[in-house]
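Heads up: the protein sequence lines correspond to chains A and B, in order. At position 75 of the first sequence (counting the first as 1) the number is 75 in this note's numbering, and the numbers step up by one without a gap. At position 510 of the second sequence (counting the first as 1) the number is 510 in this note's numbering, and the numbers step up by one without a gap.
Quick caveat, the hints were computed from the structure, so don't treat them as lab data. Watch out, some of these pointers could steer you wrong.
As the list claims (entries may be wrong) - From chain A, some residues computed to sit far from chain B (all C-beta separations above 12 Å):
no.	residue
1	Asp65
2	Pro150
3	Lys192
4	Thr223
5	Arg237
6	Arg258
Unchecked claim - Here are the computed distance ranges between Cβ atoms for each label pair:
no.	chain 1	residue 1	chain 2	residue 2	range
7	A	Gly104	B	Arg615	24 to 30 Å
8	A	Asp221	B	Pro653	30 to 36 Å
9	B	Glu576	A	Asp221	49 to 55 Å
10	B	Glu576	A	Leu167	46 to 52 Å
11	B	Arg615	A	Leu216	52 to 58 Å
12	A	Leu193	B	Pro193	39 to 45 Å
What the hints assert, rightly or not - Below, simulated BS3-like cross-link-like pairs (lysine-lysine); rule was C-alpha separation at most 27 Å, straight line:
no.	chain 1	residue 1	chain 2	residue 2
13	B	Lys457	B	Lys534
14	B	Lys534	A	Lys139
15	B	Lys534	A	Lys123
16	B	Lys31	B	Lys43
17	A	Lys245	B	Lys375
Note that the structure is a prediction, hence the values are computed from the model and not measured. C-beta atoms are modelled at their ideal positions from N, C-alpha and C, and glycine is treated no differently.
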Amino acid sequence: MAELKPNVVVIGGGIAGMETAASLAEMGLSVLIVEREDKLGGQAAQWACMATDACAKCSACLIEDTIARVSDNANIQVLTHAELVGVERKDDVTTLQLQPSRGGVKERSGHVQWPLTEDVVVKTQAVVLATGFEPFDPKEHRLLSYGHLPEVVTTKDLDECLHEDALEKFLPEDDSLNRIAFVQCVGSRDRKLGREYCSQFCCKTSIRLVNRLKHLKPNLDITIYYIDLQIMGKEFRSFYQKTLKNVRFLQGVPAEVRPGSEVNHVKLVGTDPKTGLGMVEEYNRVVLAVGMMPDVRNARLVEMFGIETNEYGFFTPGETNGDGQPVAPGVYLAGACTGPADIQVSRLQAMAAVKRIALDLGYGALSEATGASQQAEV
Amino acid sequence: METQRVGVFIGDAQGALSKELSLSDLFDRVKNTEDLYVAKIEKSLDNGGRAEISALCDKESLSAAVICGLTDQDFVERPLSTDGDASVTIPIIRANLLERGAWISSNAEEAMDRAERIIRVAVARARRARPIALSNRLVNRKVVVLGGNHGAFQTALSLAAADLKVTLLQTPSPSGCFFPLTDELAKSVADNPSIEAVGVGTLSRIDGQVGDFHLVAEIDGKRRVFDAGAVVVAVDAHINVDPDHGLPLRGSLRGFMEEVNGADAKTDTVAILLDRNGPERRCAAEAAVASARKHVDNGGKCSILLRNMPVYGKNGQKFYDDARAAGVQFLRYDEVIPSFEEKDGKLDVSMVDSIIPDRGLAFTIDRLIQPATVKPNLDNPALTGLLRQPLDAEGFLQPGNIRHMPVASARRGILFAGGCHNDCDPFEARYESDAVAATVLRELPDKAIPAPVEITKVDVGKCVSCLTCLRLCPHGAIETYLNKESVTILSSACWECGICAAVCPGQAITHGSLSTEQIEDVLVEATAEIHEHKPTVVFACQQSAVPSLNMAGKKGLTVPIEATFIEVPCAGRVDETVMMKALEQGAERVLVMGCHPEVCRSLHGNLLAEKRVKRIRGLLEATGVNPEIIQYHPIANNEPYRLVHILDRVIHPENEEPTQPSDQA
């Protein structure tokens with residue numbers, strides 16, 4: 001059986017995992033990325049560019065940039081189509097057992113990056129969990145009719161149409177079909193579902209999508225139904241101001257989507273925020289802004305590594321830290337597996353983990369400041 | 001320069017390429033000649049292929065290598081030989097056919113023509129490629145942190161904890177700061193032997209480059225000089241702790257925070273007004289909820305009047321729910337800002353509740369609390385000049401360019417933290433200070449590493465010190481000294497975008513990885529007819545158009561055969577001369593494809609290219625030539641379908657129906 005001995009193993013090849021790996025490798029450490037899918041990139045690799053007349057700061061293109069950084073770095077090895085099946089920690093060394101993921105390799109063989117074909121044992125000093133999230137499946141919300149009415153799609157579905165530069169897959173080329181509703185907080189801030197957290201990226205995603213749609217098709221008439229708009233992050237305030245002319249914002253999210261009088265028409269049922277009375281509005285398409293859910297496979301990792309999750313199933317950094325420190329001996333966290341995070345926040349967390357790992361593994365120990373740092377670390 | 005022998009190494013270790021292209025036919029087309037050495041590499045690069053190529057380069061005394069056909073995992077670019085302290089590496093031009101998807105075609109003969117063209121273009125580029133000299137670079141591992149508040153102190157501690165020496169230059173902050181500097185934090189900084197606080201002063205100069213900056217500051221009327229490897233700007237935003245909006249009986253949120261946590265906490269009825277001037281800053285909203293909660297716990301009454309509750313952040317929703325459960329009243333207003341009227345030492349509040357709009361709300365409070373206003377620091381315009389990095393769209397420091405966010409900038413070694421560049425809460429600020437430290441560790445390695453020296457060169461004889469390059473270099477990589485007659489390029493700061501070479505009016509700058517002579521050589525190949533078609537030359541930015549093109553290839557999409565791609569490091573490298581040259585030499589059209597506005601890695605390289613295209617179009621129009629023969633199109637690195645659609649539309653405008661992508665199978 002093959003045996004690998006990288007300094008660091010990163011579980012998950014999404015933005016957080018890749019940023020962690022690339023930064024550590026650029027410092028000279030050897031890194032192995034373990035990705036269970038057939039290629040690097042994670043969830044965000046499916047996201048479309050949201051630029052209109054200018055960049056919308058969605059950061060989706062950083063996936064490709066980071067894949068290039070990872071691919072170009074000789075200190076990084078990537079195993080795709082690889083599943084973690086066993087973990088053991090002894091004398092400051094973690095031993096991981098990897099198996100090829102179930103099922104065949106889906107991509108064209110020549111274009112798959114480094115698929116794992118046999119069992120491998122890996123010995124390492126540090127493991128970074130960067131297993132990301134899963135988008136909420138709105139089928140759990142029966143009243144929203146996702147999967148029943150073709151007019152109801154998710155932000156993820158819309159993103160895929162835009163990625164293919166095929167808006168007609170979302171909306172037929174018919175000028176009379178121009179009323180679009182975005183429904184925010186689907187699967188987020190929902191007490192009934194036990195998901196009371198804000199998914200943090202959906203307000204920004206919807207606002208960017210609206211601008212992109214209006215850019216492609218100026219005659220669209222778009223409404224965003226929201227609970228609280230999260231206008232956060234660099235330059236987003238001014239971006240939001242510019243959006244106001246493109247969209248009607250209505251506070252309060254509709255409870256139900258019903259079939260309309262004919263194809264391409266659906267009814268949104270909710271409460272009118274102006275009158276407080278019941279309200280029915282007709283749209284041609286309803287876009288559900290789906291939130292982030294913890295990955296269902298987190299439970300296994302929790303068991304393997306002896307770490308904790310919060311009440312929603314995201315990994316928790318524990319009481320004492322939250323800035324990249326290990327959660328168990330030699331185990332670090334980064335990105336959306338610790339809770340909802342967009343691309344830039346994931347990178348920020350990845351870099352915090354990078355700093356901690358670099359120091360824990362002795363990078364910088366040769367510098368003259370060693371004595372001072374020991375005092376500073378107390 | 002004398003033309004030397006170039007190597008072409010074709011390999012297919014995984015056999016993926018030969019499924020679709022006949023490699024033996026390819027060898028019939030690209031043959032050994034006096035100035036071309038062609039070899040087949042059986043092994044993959046990582047399993048001995050690299051050593052084989054390296055040995056062949058030495059044996060045949062090749063001046064450059066074109067590597068193509070090797071599979072995805074093989075396209076890693078690495079120096080082929082190193083020798084002691086300094087080393088020279090021969091340039092490698094990638095023409096990896098598996099990556100470069102432009103050869104894909106349903107017609108085998110056409111595919112072969114396209115593949116040959118990709119190799120020929122790469123060989124033409126390799127002809128005059130310059131060897132890259134590497135030298136071990138030692139860096140200064142001191143870091144200057146600029147700023148006198150919470151963010152600066154926290155960043156200094158984070159850097160010190162990462163074994164770095166920190167010089168803390170405090171800046172005067174007449175405007176106050178959002179989070180007061182706690183005694184605890186100040187003491188940690190004062191007690192840390194790795195941090196030297198040099199007093200309060202103003203920065204007046206930053207010269208040099210990452211690993212070797214020289215700063216000048218005025219401290220207490222004296223001029224002081226500091227050396228550093230990196231500079232972290234952590235000054236605060238312009239914070240008005242107690243803005244006067246003409247409201248009666250008001251107090252500041254800062255004061256309220258201190259009061260509720262202090263010994264003399266009151267138990268009166270207060271309201272906190274948020275969102276008055278647009279969406280509230282997240283730090284303000286969080287501070288409002290926390291202090292309201294504390295006030296209620298102390299036995300007082302508190303309502304928060306707001307438009308949007310920021311629940312952003314890991315425990316945002318819980319924080320808000322807990323406050324509500326503890327008795328904090330959240331009241332939403334919509335268009336109309338609540339009004340306040342003073343009466344008998346109290347305030348009558350009237351507002352329209354946006355949840356139950358028919359019901360006007362009227363109640364009486366003892367005091368109104370309002371948060372600080374946060375605006376760009378008044379010193380930002382001066383600082384942005386020193387840093388040579390533009391402000392963002394709202395006037396804060398650090399350009400709003402995602403390629404350098406969250407903490408870095410286009411000028412290597414210049415980093416940002418805290419309120420000067422972004423609004424974040426203390427939780428995120430901790431991550432930020434660590435991200436700064438991680439970036440510094442990466443930029444300032446603790447041992448000497450081989451780095452390229454002098455890639456892009458200035459011809460001292462031609463340079464007239466007009467400083468156009470200095471003004472337009474987005475990376476702060478060009479310097480001038482009064483006692484010198486020409487500018488100097490700082491190789492550690494240089495990103496090889498080539499903007500300087502394109503803008504130099506005297507053509508005194510030779511771009512390291514793509515000189516004008518190289519482009520001219522490439523154009524000879526690129527403008528040759530292919531399958532009886534006149535080609536369309538596409539100058540494709542390596543940060544955007546090239547990855548999209550490669551992605552299109554991986555998805556099996558076909559680009560028009562006329563499109564001949566010339567890879568450029570940045571659209572800003574493409575100057576008018578080479579655009580015109582392409583047309584002169586017989587290109588049907590010229591397309592320049594760069595990043596979308598505001599996301600160019602070199603900040604404005606894309607805008608420069610677009611401007612040049614516009615200028616040429618204007619000239620063409622004025623002389624009666626169809627301006628459509630030259631176009632600029634922005635593209636991202638993840639838009640393969642859009643790229644193909646644009647090329648189809650531009651090259652075949654006669655087709656009304658856009659070509660359907662061929663990956664339907």
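Going through the hints against the structure:
no.	hint	verdict
1	Asp65	7 Å, violated
2	Pro150	20 Å, holds
3	Lys192	14 Å, holds
4	Thr223	16 Å, holds
5	Arg237	6 Å, violated
6	Arg258	24 Å, holds
7	Gly104/A <-> Arg615/B: 24 to 30 Å	54 Å, violated
8	Asp221/A <-> Pro653/B: 30 to 36 Å	31 Å, holds
9	Glu576/B <-> Asp221/A: 49 to 55 Å	43 Å, violated
10	Glu576/B <-> Leu167/A: 46 to 52 Å	35 Å, violated
11	Arg615/B <-> Leu216/A: 52 to 58 Å	28 Å, violated
12	Leu193/A <-> Pro193/B: 39 to 45 Å	52 Å, violated
13	Lys457/B <-> Lys534/B	35 Å, violated
14	Lys534/B <-> Lys139/A	53 Å, violated
15	Lys534/B <-> Lys123/A	57 Å, violated
16	Lys31/B <-> Lys43/B	20 Å, holds
17	Lys245/A <-> Lys375/B	24 Å, holds
Of the numbered hints stated above, those contradicted by the structure are hints 1, 5, 7, 9, 10, 11, 12, 13, 14 and 15, listed in ascending order.
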